[in-house]
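**Q** Just so you know, we're using my numbering here: the sequence shown kicks off at 1 and counts up by one.
Do not rely on the hints blindly, as some may be mistaken.
[Stated by the list, open to error] Calculated cross-link-like contacts (lysine-lysine; reagent style BS3-like; alpha-carbon spacing at most 25 angstroms):
{"id": "1", "residue 1": "K14", "residue 2": "K53"}
{"id": "2", "residue 1": "K36", "residue 2": "K56"}
{"id": "3", "residue 1": "K15", "residue 2": "K57"}
{"id": "4", "residue 1": "K36", "residue 2": "K14"}
{"id": "5", "residue 1": "K53", "residue 2": "K15"}
{"id": "6", "residue 1": "K34", "residue 2": "K53"}
{"id": "7", "residue 1": "K34", "residue 2": "K14"}
{"id": "8", "residue 1": "K56", "residue 2": "K22"}
{"id": "9", "residue 1": "K22", "residue 2": "K53"}
{"id": "10", "residue 1": "K57", "residue 2": "K36"}
{"id": "11", "residue 1": "K34", "residue 2": "K57"}
{"id": "12", "residue 1": "K15", "residue 2": "K56"}
{"id": "13", "residue 1": "K57", "residue 2": "K22"}
{"id": "14", "residue 1": "K36", "residue 2": "K22"}
These are computed hints drawn from the structure, not numbers from a lab.
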Amino acid sequence: MLIQLNVGDIVETKKNHPCGGKNWEILRVGADIKLKCTTCGRIVMLTREETEKRIKKVVSSNAPSTEA
1 MLIQLNVGDI VETKKNHPCG GKNWEILRVG ADIKLKCTTC GRIVMLTREE TEKRIKKVVS
61 SNAPSTEA
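With these hints in hand, go ahead and build the complete structure from the sequences.
**A** Below, the structure written as structure tokens:
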């Protein structure tokens, strides 16, 4: 499942973080993805595969526009 992820996107995970938050901000994209919990500020790095399994939906996207 290839999800288009960009730096600055806010994603919602299937399970809550121990602090109770479900939303994460994407800080880095590549083979590994760096995420920051929007509730407590904890930063984690996960593989792309693991991240895509945990994501429920993209809440807000920071994708560059393709308009010419």
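**Q** Could you run down the list of hints and mark each one as holding or not?
**A** Now the hints, each set against the structure:
no.	hint	verdict
1	K14 with K53	holds (9 angstroms)
2	K36 with K56	holds (16 angstroms)
3	K15 with K57	holds (12 angstroms)
4	K36 with K14	holds (16 angstroms)
5	K53 with K15	holds (11 angstroms)
6	K34 with K53	holds (15 angstroms)
7	K34 with K14	holds (17 angstroms)
8	K56 with K22	holds (10 angstroms)
9	K22 with K53	holds (14 angstroms)
10	K57 with K36	holds (16 angstroms)
11	K34 with K57	holds (17 angstroms)
12	K15 with K56	holds (9 angstroms)
13	K57 with K22	holds (11 angstroms)
14	K36 with K22	holds (11 angstroms)
When each numbered hint is compared with the structure, no violation occurs for any of them.
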